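**Student:** Sequence:
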Amino acid sequence: MSGDSATVVEATKEADDAQGRQRSTISFPYVDLNSATELARAIHGNVGLGECDDAQLAAWTNQSIKSSTFRIQLSGARLFGLMATDGSGKHRLTDLGRMIVDPNQAREARARSFLAVPLFKAVFDNYKGGVPPPAAALARDMVGLGVAEKTKDRARQVFERSAEQAGFFAHGKNRLVMPAVAITEELPPADQEDEDNHSGSGGGGGGGKGGIDPIIQGLLARLPKSGDRWPEAERKLWLQLLEGSFKLIYKDAGGVTPVRGRMIDHIVEQVEKDEAAN
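Numbering (numbering that gives the first Met the number 0), first residue to last: 0 to 277.
The hints are simulated quantities; they were obtained by calculation from the structure and are not laboratory data.
Quick caveat, the model's predicted, so the values are computed rather than measured.
None of the hints are false.
Estimated spans, in silico, between C-beta atoms of each pair:
| id | residue 1 | residue 2 | range |
| --- | --- | --- | --- |
| 1 | Glu163 | Pro230 | 39 to 47 Å |
| 2 | Gln104 | Ala58 | 23 to 31 Å |
| 3 | Lys149 | Gln62 | 20 to 28 Å |
| 4 | Phe245 | Asn61 | 38 to 46 Å |
| 5 | Pro102 | Lys127 | 21 to 29 Å |
| 6 | Asn103 | Trp229 | 44 to 52 Å |
| 7 | Arg234 | Ala136 | 41 to 49 Å |
| 8 | His170 | Glu148 | 25 to 33 Å |
| 9 | Asn103 | Leu238 | 41 to 49 Å |
| 10 | Asp94 | Arg228 | 29 to 37 Å |
Straight-line distance between alpha carbons at most 27 Å, and here's what the computed DSS-like set of lysine-lysine pairs gives:
| id | residue 1 | residue 2 |
| --- | --- | --- |
| 11 | Lys172 | Lys127 |
| 12 | Lys172 | Lys151 |
| 13 | Lys149 | Lys65 |
Glycine included, each C-beta is placed from N, C-alpha and C at the ideal position.
Construct the entire structure; sequences and hints are all you get.
**Tutor:** Listed below in structure tokens is the structure:
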């Protein structure tokens, strides 16, 4: 299975073992922008615009391929829009990732990356040009936006570090201001860009059709090719993930708001266990 698929599989198993824990309903990374940028630089420094796998990227960044910290860094780089992973588990830079390693475009890329994170964009929309509240109040605001109570402080810390790294605190930490960069056009989402660059690879579906949520596109792109071996347990898990994705994306008849960000919460549980063990 691909790197993305393996992460989702393990996250789902962890979810089964942790039923009842509150989950975040809005996506945010557990690493800051600088940490995500490290992976983009590692890819660019070793293969340029080419591809690499988990083992190569882990070696280039002096990490273990089995490390939960490494997997969370991968997830963060994708969430910031810097990296895409295809159905075979190969990683490559997105257009935004190429920009962020270019000194002439890095400033704009950092601003774009920061706003690519749903939680960070929501907080910026609430306080842009204004005065953010003190730390405790900001964390409570994040809970209102969908962050789980248990992870609110971590979400706030990553937000504040990333905002500073992206230049949103250039006028002081008491002002959240868009950096003076000219963002003139929208870049394609990382998942959509990956579909465009790898059409026909990785198996049975996706198609890159407009209007299809990237989560669904990602699952379809990870279908094995016709004739490949696909154990029944993994097939059932894929179907469960697809059903869960529908619940994440679409409202039901009662107008329930879509839920996002749960998978990353599952992964961070393992990181916390690793950190406690060390």
